[in-house]
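Can you build the whole structure from these sequences, using the hints too?
In this note's numbering, the protein residues as written are 78 to 163.
The set of hints was computed from the structure by calculation and includes no laboratory data.
All of these numbers come straight from a predicted model, not from anything done at the bench.
It cannot be assumed that every hint is accurate.
[Stated by the list, open to error] Label-pair ranges, simulated between beta-carbon atoms:
id : residue 1 : residue 2 : range
1  : Leu134    : Pro102    : 45 to 53 Å
2  : Gln137    : Arg100    : 53 to 61 Å
3  : Ser84     : Ile112    : 20 to 28 Å
4  : Ala131    : Ser83     : 22 to 30 Å
5  : Pro127    : Ile106    : 52 to 60 Å
6  : Pro114    : Glu80     : 22 to 30 Å
7  : Asp130    : Phe99     : 40 to 48 Å
8  : Pro85     : Tyr118    : 36 to 44 Å
9  : Gly141    : Gly117    : 26 to 34 Å
10 : Lys128    : Ala87     : 25 to 33 Å
By construction, the Cβ of each residue, glycine as well, lies at the ideal position given by its N, Cα and C atoms.
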Amino acid sequence: MNEAISSPQACKQLVRRALSNFRLPYITITPTFSICPKHGYLSGHHAFCPKCDAELLAQQAHAGCGCAAAPATGSSTRSNQEGAPA
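Laid out in structure tokens, this is it:
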């Protein structure tokens, strides 16, 4: 199906209908999640970590204010993840 199920109740209805209407020996419902090296498991599909992106945007806003800010170490940015030179 390649689509998200909105709630546990919707999943329950899907399983009930599938097993009631078809002669299937089994079905599989698989959760979708993403993994960030820094923040771990994230619910749903994410091309980029929303937490890292928020940190990156905060750093960029802080850097744009004219004060000296030390760069964060160990965090990945979009340009690094997309294969651009670091």
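How the hints compare with the structure:
no.: 1; hint: Leu134 with Pro102: 45 to 53 Å; result: holds (49 Å)
no.: 2; hint: Gln137 with Arg100: 53 to 61 Å; result: holds (56 Å)
no.: 3; hint: Ser84 with Ile112: 20 to 28 Å; result: holds (24 Å)
no.: 4; hint: Ala131 with Ser83: 22 to 30 Å; result: holds (25 Å)
no.: 5; hint: Pro127 with Ile106: 52 to 60 Å; result: violated (24 Å)
no.: 6; hint: Pro114 with Glu80: 22 to 30 Å; result: holds (27 Å)
no.: 7; hint: Asp130 with Phe99: 40 to 48 Å; result: holds (42 Å)
no.: 8; hint: Pro85 with Tyr118: 36 to 44 Å; result: violated (18 Å)
no.: 9; hint: Gly141 with Gly117: 26 to 34 Å; result: holds (30 Å)
no.: 10; hint: Lys128 with Ala87: 25 to 33 Å; result: holds (27 Å)
Going down the numbered hints, you'll see the structure goes against 5 and 8, while the others check out.
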